[in-house]
Amino acid sequence: MNMTFKEKSAWGSLVALALVSYWFFPAAFNAATYATDPAGLVAISIGCIVTLIIIEAIYQSVIAAVDGDASDERDALINLKAERIAGYVLGIALFTLVARIIAVEALEWVETMGALTIAVWILFTLTVSEVAKLISQIAFYRFSA
Amino acid sequence: MAKTHVRNNIRTLRFEHGEMTQQSLADRVGVTRQTIVAIEKEKYSPSLEAAFKIAAVFGEPLEAVFSYEPSSR
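If you're matching them up, the sequences are chains U and D in order.
Residue numbering for the first sequence follows the working numbering, starting at 1 and increasing by one per position.
Residue numbering for the second sequence follows the working numbering, starting at 1001 and increasing by one per position.
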């Protein structure tokens, strides 16, 4: 496939993020909901972030060494468009989360969430917005922009 | 696949300039080869600066390389 450095980078980031998230979020939500081991949750979070950084660093170094890391105005435009979409996704996701927290406190008709669960949900919304950005980038590279 | 309203003759001009490769044009303009591909396929409208640089590579005025085709609606 004929791809720029930035598109390869987006694919790599998407795959790495999806793999780490697939493993991390079920464990994190489970740990946060039952609050069995808060310290363990922190350790899992740090471990996942470090793993993600290592995977990204290795992958980016390899593709930069093979193809170079050139980028231009089209890459910048695509990045801006994708950032805008990610911003919308993050806004909607956070608004939904805040609405749920308010509903818990004010209306008392949904199950209470602990601080750890809210923290994991915030991490989840950040991850979803990043995934939206990466998918948007790839779609713009493949189909338009 | 959405096309832009900016049409171009880059493919023809490359042919007329000794079968200039997309990579060669990209190097002279300062963009990636994939951007030249996207411009040729009219999937991407270059910036004014890039458009002038492309025209300059071929030694043509801007309007000989690019034209604007308004929407038919």
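Possibly wrong hints are sitting among the right ones.
Said to hold, decoys possible - DMTMM-like, lysine to aspartate or glutamate: derived pairs with alpha carbons at most 20 Å apart: (1) Lys1003/D to Asp1027/D; (2) Lys81/U to Glu1042/D; (3) Lys1043/D to Asp67/U; (4) Lys8/U to Asp67/U; (5) Lys1041/D to Glu105/U; (6) Lys8/U to Glu108/U.
Stated by the list, open to error - Some, not all, of what chain D presents toward chain U, calculated at C-beta under 7 Å: (7) Asn1009; (8) Val1031; (9) Ser1045; (10) Ser1047.
Worth flagging that the hints you see were computed from the coordinates, not collected in a lab.
Positions of the beta carbon are idealized from the N, C-alpha and C atoms, including for glycine.
So, going through the hints one by one against the coordinates:
1. Lys1003/D to Asp1027/D: violated, 24 Å
2. Lys81/U to Glu1042/D: holds, 18 Å
3. Lys1043/D to Asp67/U: violated, 23 Å
4. Lys8/U to Asp67/U: Answer holds: Lys8/U to Asp67/U is near 10 Å, not above 20 Å.
5. Lys1041/D to Glu105/U: The hint is violated at about 55 Å.
6. Lys8/U to Glu108/U: violated, 47 Å
7. Asn1009: violated, 20 Å
8. Val1031: holds, 4 Å
9. Ser1045: With a minimum Cβ separation of about 10 Å from chain U (threshold 7 Å), the hint on Ser1045/D is violated.
10. Ser1047: holds, 5 Å
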